[in-house]
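The task is simple: from the sequences and hints, build the whole structure.
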Amino acid sequence: DAGVIQSPRHEVTEMGQEVTLRCKPISGHDYLFWYRQTMMRGLELLIYFNNNVPIDDSGMPEDRFSAKMPNASFSTLKIQPSEPRDSAVYFCASSLWDSGETQYFGPGTRLLVL
Amino acid sequence: AQTVTQSQPEMSVQEAETVTLSCTYDTSENNYYLFWYKQPPSRQMILVIRQEAYKQQNATENRFSVNFQKAAKSFSLKISDSQLGDTAMYFCAFMRNAGGTSYGKLTFGQGTILTVHP
Numbered sequence: 001d002a003g004v005i006q007s008p009r010h011e012v013t014e015m016g017q018e019v020t021l022r023c024k025p026i027s028g029h030d031y032l033f034w035y036r037q038t039m040m041r042g043l044e045l046l047i048y049f050n051n052n053v054p055i056d057d058s059g060m061p062e063d064r065f066s067a068k069m070p071n072a073s074f075s076t077l078k079i080q081p082s083e084p085r086d087s088a089v090y091f092c093a094s095s096l097w098d099s100g101e102t103q104y105f106g107p108g109t110r111l112l113v114l
Numbered sequence: 001a002q003t004v005t006q007s008q009p010e011m012s013v014q015e016a017e018t019v020t021l022s023c024t025y026d027t028s029e030n031n032y033y034l035f036w037y038k039q040p041p042s043r044q045m046i047l048v049i050r051q052e053a054y055k056q057q058n059a060t061e062n063r064f065s066v067n068f069q070k071a072a073k074s075f076s077l078k079i080s081d082s083q084l085g086d087t088a089m090y091f092c093a094f095m096r097n098a099g100g101t102s103y104g105k106l107t108f109g110q111g112t113i114l115t116v117h118p
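Just so you know, the protein sequences line up as chains A and B, in that order.
All residue numbers for the first sequence refer to my numbering, where the first residue is 1 and numbers rise by one.
All residue numbers for the second sequence refer to my numbering, where the first residue is 1 and numbers rise by one.
Take these hints with a grain of salt, some might be off.
[Stated by the list, open to error] Derived DSS-like pairs: lysine-lysine, alpha-carbon spacing no greater than 27 Å straight-line: (1) K105(B) with K70(B); (2) K68(A) with K78(A); (3) K24(A) with K78(A); (4) K70(B) with K55(B); (5) K73(B) with K55(B); (6) K105(B) with K78(B); (7) K105(B) with K68(A); (8) K78(A) with K105(B); (9) K24(A) with K105(B).
[Claimed, not checked] Distance windows between CB atoms, simulated: (10) K70(B) with S27(A): 32 to 42 Å; (11) N51(A) with F64(B): 41 to 51 Å; (12) V12(A) with Q69(B): 19 to 29 Å; (13) K78(A) with K78(B): 36 to 46 Å.
No lab work stands behind these hints, which were simulated from the structure alone.
Please read all numbers here as calculations on a predicted model, not as lab measurements.
Positions of the beta carbon are idealized from the N, C-alpha and C atoms, including for glycine.
Written out as structure tokens, the structure is:
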């Protein structure tokens with residue numbers, strides 16, 4: 001298996017622009033998670049899906065952030081408009097089910113908003 | 001809410017030696033899981049080891065083992081025969097076991113940077 005795939009690996013954009021991060025979970029996994037990692041806040045969960053349905057989005061910082069999962073093999077995290085404080089590494093992870101099963105992380109997308 | 005604390009921001013060890021990373025957590029739950037993840041310079045998050053709280057036996061994975069003290073809410077990671085490739089940031093993480101309901105939220109500690117010297 002190829003593991004969790006994220007694209008792009010690096011993104012540099014200017015403040016105010018729309019940013020879309022993409023994730024392909026491991027085939028057969030029914031949970032998908034989006035995390036953000038910053039020096040100040042560490043690793044924090046933004047949102048997670050079960051069977052393509054958003055279950056908990058309480059970690060999404062504000063309305064500028066949105067996430068979708070149109071099918072079992074694809075998810076997006078969109079930031080519109082982007083701000084410099086959104087600069088971080090964004091991870092996608094997937095698992096088979098969430099009762100203690102391991103979450104497998106993608107390589108992350110390093111986002112820099114100028 | 002659960003909290004996870006890693007009190008050692010940085011640690012170093014000589015190659016082939018043993019090192020222990022500390023982790024404590026605070027929860028009112030009785031059924032949960034604990035994990036150690038490794039993040040090397042590539043930034044990929046890699047699972048090192050996991051422990052179910054209902055199991056008294058400490059988990060082991062090759063050179064990695066844990067000392068799980070449920071009453072003390074302590075979950076330390078021991079790395080034996082340290083290798084240069086073990087150099088990474090190590091995160092301790094907690095997950096509540098909600099049984100059949102959906103709650104896969106991982107709560108991470110702040111991380112410990114481990115450097116293995118040749």
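Here is how each hint holds up against the structure:
no. : hint                           : result
1   : K105(B) with K70(B)            : holds (20 Å)
2   : K68(A) with K78(A)             : holds (8 Å)
3   : K24(A) with K78(A)             : holds (15 Å)
4   : K70(B) with K55(B)             : holds (10 Å)
5   : K73(B) with K55(B)             : holds (14 Å)
6   : K105(B) with K78(B)            : holds (25 Å)
7   : K105(B) with K68(A)            : holds (18 Å)
8   : K78(A) with K105(B)            : holds (21 Å)
9   : K24(A) with K105(B)            : holds (19 Å)
10  : K70(B) with S27(A): 32 to 42 Å : holds (36 Å)
11  : N51(A) with F64(B): 41 to 51 Å : violated (33 Å)
12  : V12(A) with Q69(B): 19 to 29 Å : violated (45 Å)
13  : K78(A) with K78(B): 36 to 46 Å : holds (42 Å)
This entry does not satisfy hints 11, 12, going by the numbered hints stated previously.
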